[in-house]
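Participant: Protein chains in written order, with my numbering: chain A, 1 to 296; chain B, 297 to 610; chain C, 611 to 1125.
Since the hints were derived computationally from the structure, they do not count as laboratory data. Check each hint, because a few of them may be wrong.
Straight-line C-alpha distance at most 20 Å; calculated DMTMM-like pairs for lysine to aspartate or glutamate [unchecked claim]: (1) C/Lys833 to A/Glu245; (2) C/Lys915 to A/Asp232; (3) C/Lys672 to A/Asp230; (4) B/Lys384 to C/Asp1079; (5) B/Lys368 to C/Glu1071; (6) A/Lys143 to C/Asp1016; (7) C/Lys988 to A/Asp254; (8) B/Lys354 to C/Asp729; (9) A/Lys79 to C/Glu1071; (10) B/Lys375 to C/Glu1071; (11) A/Lys86 to C/Glu966; (12) A/Lys78 to C/Asp1016; (13) B/Lys574 to C/Asp705; (14) B/Lys574 to C/Asp1067; (15) B/Lys318 to A/Asp186; (16) C/Lys672 to A/Asp232; (17) C/Lys815 to C/Asp793.
Note that the coordinates shown come from a computational prediction; the quantities given were computed from them, not determined experimentally.
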Amino acid sequence: MVKKNKEHKLGEEKRKFNPVFDTLVYAILIGVLLITILPVMYVVAVSLTPYTEIARNQGIVLFPKDITFEAYEVIFGKKDFWNGMKITIEVTVFGTIANLIVTTLFAYPLSRKGLPGKSFITKLVMFTMIFSAGTIPTYLVVKGTGLLNTMGAYIVPGLVGVSNLIIMKAFFENLPEDIFDAARIDGCGEFKVLTHIVLPMSVPIMLTIGMYYMVSHWNTYMAAVLYVTDQDLQPMQVILRRLLESSTAEVSVDVVVPTETMRMAAVCFATLPIVVVYPFIQKYFVKGTLAGAVKG
Amino acid sequence: MSVASITPKKSSWGKCKKALFKWWPLYLMMLPGLVYLIVYKYVPMAGTIIAFKNYRVKVGIWGSPWADPWYKHFMDFFKSPANVQIIKNTITLSIGKLLIGLIPSLIFALAISECRNKPFVRVVQTVSYLPHFLSWVVIYGISQTMLSMNTGVVNRFLVSIGLESIPFLSSNDVIQGTLIGTDLWKGLGWGSITFLAAIIGIDKELYDAAEVDGCGRFRRIWHITLPCIRRIFIVLLVLKLGTVLDAGFNQVYVFMNERVNRSAEIIDTWVYTRGIGKMNYSLSTAVGLMKSVIASVLVIGTNKLARKWDSAIW
Amino acid sequence: MKRKVMSLLLVCCMLLSCLAGCGKQTVDQPTDATKATDAPKATDAPTEAVPAEPITITIASKGLGNLFPESDEANWFRQVLFEKTNVWVDLIPIDDYYTALNVQLTGGQAPDFFPVDYDHMKEYADQGLIQPINQYKESFAPMLEWLGEEYDNFVLYVEDEMYAFPRAEANSDLYELYFIRQDVLDHYGMEMPKTIDEFFDFCQKSVQDDVTGLQTIGIGAKKFAGYNMIAGTYGVMLGNYVVIKDGKVTNTLLDTNMKDALTAVKKFQDANLVSPNIWDAGTAVVEMRKGQTVAGSAPWSNLLKQAYIDVLHAVNPDAEWGYIPAFESNVEGVETVVAFYDYNSNSGEKFAVNAETSEEKINAFIKVLNYIATDEGKMLTWLGVQGTHWDYDANGNAVVLEGQADAINYTSNYQFAGRNDDEYLAVKFPEAAEANEFRTHYNRLLKYNNVLDVPADLYLEDMETYVQDQLIAFIQGERPIEEYDAFVQELYDIYNFGAYMDLAAEQLTDMGLAK
Chain A
1 MVKKNKEHKL GEEKRKFNPV FDTLVYAILI GVLLITILPV MYVVAVSLTP
51 YTEIARNQGI VLFPKDITFE AYEVIFGKKD FWNGMKITIE VTVFGTIANL
101 IVTTLFAYPL SRKGLPGKSF ITKLVMFTMI FSAGTIPTYL VVKGTGLLNT
151 MGAYIVPGLV GVSNLIIMKA FFENLPEDIF DAARIDGCGE FKVLTHIVLP
201 MSVPIMLTIG MYYMVSHWNT YMAAVLYVTD QDLQPMQVIL RRLLESSTAE
251 VSVDVVVPTE TMRMAAVCFA TLPIVVVYPF IQKYFVKGTL AGAVKG
Chain B
297 MSVASITPKK SSWGKCKKAL FKWWPLYLMM LPGLVYLIVY KYVPMAGTII
347 AFKNYRVKVG IWGSPWADPW YKHFMDFFKS PANVQIIKNT ITLSIGKLLI
397 GLIPSLIFAL AISECRNKPF VRVVQTVSYL PHFLSWVVIY GISQTMLSMN
447 TGVVNRFLVS IGLESIPFLS SNDVIQGTLI GTDLWKGLGW GSITFLAAII
497 GIDKELYDAA EVDGCGRFRR IWHITLPCIR RIFIVLLVLK LGTVLDAGFN
547 QVYVFMNERV NRSAEIIDTW VYTRGIGKMN YSLSTAVGLM KSVIASVLVI
597 GTNKLARKWD SAIW
Chain C
611 MKRKVMSLLL VCCMLLSCLA GCGKQTVDQP TDATKATDAP KATDAPTEAV
661 PAEPITITIA SKGLGNLFPE SDEANWFRQV LFEKTNVWVD LIPIDDYYTA
711 LNVQLTGGQA PDFFPVDYDH MKEYADQGLI QPINQYKESF APMLEWLGEE
761 YDNFVLYVED EMYAFPRAEA NSDLYELYFI RQDVLDHYGM EMPKTIDEFF
811 DFCQKSVQDD VTGLQTIGIG AKKFAGYNMI AGTYGVMLGN YVVIKDGKVT
861 NTLLDTNMKD ALTAVKKFQD ANLVSPNIWD AGTAVVEMRK GQTVAGSAPW
911 SNLLKQAYID VLHAVNPDAE WGYIPAFESN VEGVETVVAF YDYNSNSGEK
961 FAVNAETSEE KINAFIKVLN YIATDEGKML TWLGVQGTHW DYDANGNAVV
1011 LEGQADAINY TSNYQFAGRN DDEYLAVKFP EAAEANEFRT HYNRLLKYNN
1061 VLDVPADLYL EDMETYVQDQ LIAFIQGERP IEEYDAFVQE LYDIYNFGAY
1111 MDLAAEQLTD MGLAK
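Isolated chain A, as found in the complex (with noise of 0.2 Å):
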């Protein structure tokens, strides 16, 4: 539908061009390119360069001379940084299709009309959102359903995202409601409605709810501190961060700072792979989006 719209635009609007508009359009843009692109270049440039040579250039490389793949030989040597990006993806994975599963069979019946007590809960929904309880009672329930020390205190604790159920719900809320009253008439119970009519015309939605579940799965630390203290449970973020802060607190003489290369070669590292699943998505993206967006 999106595609459409577009390229029927295009057929009529380029007999209207319009040069300060145009420019102005192209400016932006160019614009934003330039200012995202240019810092995102310099890490991987740095990632690539001998350190030396950034020290002698005052650190500015964009296009490097020499090529080194030093520092990511280093990386790839690390059995942590394997095992964390091992934990990350397992935890990214399991993780959002739980997110998915519970948010879907949450959002539904929130979205079905006539449902009693169906804005109470939405409201009990809401509260939380903006009244949160500490760090300490939280902890203090994690503990006490069992969860420290195992994967499931990376996904359980946040199972549900309050804006993702709500976007979700509002995106239920706008299917034609002649489709659930063919499928009643047919005889299909509510479960049966959801995985065999909603479900299949909701893939934009999906994507993009999981997609926002997969970057927050993706950039899990405090979960891993404050619940998790097994090492062969740690994410890549701590990893990451360990790599990264050693280079600021000197925390013993022994340490020898990684260099900026080393460092930006972990940071390429460990962002590579959820940058990489984007652009397969972004075509559902704006879809998606779009459901939540126009209900609110």
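Chain A is already provided as a structure; the job is to place chains B and C on it using the hints.
Facilitator: Frame of chain A, contents of chains B and C only:
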């Protein structure tokens, strides 16, 4: 907070039973989510009672003695000589991020929707989301190289075109701008998605009608696009007001140093060093509670206000 | 109808099992993983040397960073220590140390032993989260004897109960050293500056000529250390430091020379000789490492390790660090001070015992302590296994064997009893031997802040933030130095500074340090 509150209270038991019978599959579906919400969100809320107690780890939440007077930990915050400055910083930063964050995102979304070179747009979009995936520690690392005095790329550029260099990271006058700016950098692309979605959702016939009326493209944005997405703009504003006292702990914490403490310290960083770091959980809970109450009032109030423009969230 | 119910139940079950499956899979994993790593440990253990059941103790490690070996199997130290003591020592790296440790203590999840500083020790003892160890004093007597009796001092005690094991902690404050680029001095044919005026000329000349070609910076340092190089010649350091002068408890902020010191510092600042990035410690140190700065103040360990020197030479092969002796004093009768150190110079973190830890585990830890407090154990925590990682050279000096440096870079985490730092550094960092000798000749300011209690209604952090902020304002010219007295008055009026100093005087007099 009990499980009983899931089912509507106001209806009589008979009505309840009827509803349950008719709708039970839907209630069943909600169960995992509701259980989650109650266990991990509402039960810990009961723990905020330590805001009124002198929490001692060994005796637990219920055994800890009551604070004397009960508002002691709230006073601890308000009696601090620094609190006026901290509150001011917090509000300046979050309002700044709110306004300066939303408007460029909106403009960017407009530019994307108006640009007809689709492959180019796709590239710009993809690239603009990149910073969202970077954590603040990483962004601070980048800022050091980009913004520091003498060696920073930006300052060298400024000097080369004959301007003074700007102490982005080490001046009380500039640091708030830097914080807002880096926040914008991180969220620009990501934040534009919502607006973009709203723009695409606008009925195309409106545009056609405008065209017939001979509207230029500037006027078309002004008269059609902007009014159509007013609603979503207000909704976002209301939602973000709920976090007006947060101001971005993770970001500020890494950007803070002795030189800029005066302008950068916010409520959350203040509480972090004095609360959790020193085992003074009652203090951090008290301040958290206070923030939540203020946020609730703000969100409910602005929502009422927004209802007047037909933009309420609920 | 029945079929409908059945199908619904089925879907429900499927969803639930799917959920449970996710949960289960993820929850089970760690136990599998630990089993997998535990099994070989038990079998690897040499059976003949160990009659008793092996004990595993967990010890928190602050800021291990990325140094730690990747797995227990790769951790040769753990293995060797077990063979010697029959104790498995598991180090638990904790990130965001006190935040996480506090939370873990609250939840009863903290390791058996953890390093704590004096303030936190008092807090934990007060809350009953750590246990007193008086009764074990006999058991760790060998360790104490090896350390020296002076390490059994007040910082281990809260109200006569001993809460932490003695430890000879390296004090990184004592690492601070004044650097100057010897090659630049030679280039100008200048002598080593003896006064801050000569130093000023040197810095100014270097900056004006851009002698390094990298946009030369005069003074580099972390935070206040750069300014303190100059303030030190007035016998003061910039900040809230409680000191004892002529037997009286006072504060550097109240020193009569403070205004002159600030004026002198401001002169350097006005001439733009101090790196504008000193507040961003990371950037400032990098500037020094690559030789952009010509002088400065920094811990030797930030500049003089081989890896850093290599970078310096890659940028400029002639670059060479020299060390500046303390400048001549600018105040009659007052000796120049260089940086500062704490009253109990052994002020770092000591190992405290979790209240939940069993007697058996405490005895196991003491066994480890006593072992690493022998010559053999000491060398193990310093350089590793003799013959594998290090050996004596022809002169009888211990030398790290080639290619083994990386294998031993984490052993310092096992120095639970501490170390004689000077000896250690000489062995481990021969490249910095000269600097390490040099820095011991400085006269450092002795401060008492870390042993003081804080009055209940004093916001110490807020006060220190304000002090730092205002001192910077004076230096940067944002506030005229004439207002210094007004500033001190503000401390009394707003921050309860008087109560702070009164309590300090009382406490230090009680300790017999002041009159």
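Participant: For each hint, tell me whether it holds in the structure or not.
Facilitator: So, going through the hints one by one against the coordinates:
For the proposed pair C/Lys833 and A/Glu245, the alpha carbon gap of about 17 Å is at most 20 Å, so the pair holds. A distance of roughly 32 Å separates the Cα atoms of C/Lys915 and A/Asp232; the hinted pair therefore is violated under the 20 Å criterion. For the given pair, C/Lys672 sits about 15 Å from A/Asp230 by alpha-carbon distance, which is consistent with the 20 Å threshold. A hinted pair counts as satisfied when its Cα atoms are at most 20 Å apart, and B/Lys384 with C/Asp1079 qualifies at roughly 17 Å.
Among the hinted pairs, B/Lys368 with C/Glu1071 is consistent with the structure: their alpha-carbon atoms are about 19 Å apart, no more than 20 Å. Restraint check: the Cα-Cα separation between A/Lys143 and C/Asp1016 comes to about 38 Å, which exceeds 20 Å; the hinted pair is violated. Annotation: proposed proximity of C/Lys988 to A/Asp254 holds, straight-line Cα distance about 16 Å (limit 20 Å). Restraint check for B/Lys354 and C/Asp729: satisfied, since their Cα atoms lie roughly 19 Å apart, inside the 20 Å limit.
The straight-line distance between the Cα atoms of A/Lys79 and C/Glu1071 is roughly 40 Å, outside the 20 Å bound, and the hint therefore fails. A hinted pair counts as satisfied when its Cα atoms are at most 20 Å apart, and B/Lys375 with C/Glu1071 qualifies at roughly 14 Å. At roughly 33 Å between alpha-carbon atoms, A/Lys86 and C/Glu966 are farther apart than 20 Å, so this suggested pair is violated. The suggested pairing of A/Lys78 with C/Asp1016 holds, with an alpha-carbon distance near 13 Å, which does not exceed 20 Å.
For the hint pairing B/Lys574 with C/Asp705, the CA-to-CA distance comes to about 16 Å; that is within 20 Å, so the pair holds. Between B/Lys574 and C/Asp1067, the direct Cα distance comes to roughly 16 Å. Compliance with the 20 Å bound is thereby established for this hinted pair. Annotation: proposed proximity of B/Lys318 to A/Asp186 holds, straight-line Cα distance about 17 Å (limit 20 Å). Using a Cα cut-off of 20 Å, the hinted pair C/Lys672 and A/Asp232 holds, with the two alpha carbons roughly 18 Å apart.
At most 20 Å may separate the alpha-carbon atoms for a hinted pair to count; C/Lys815 and C/Asp793 meet this at roughly 14 Å.
The structure shown violates the earlier hints numbered 2, 6, 9, 11.
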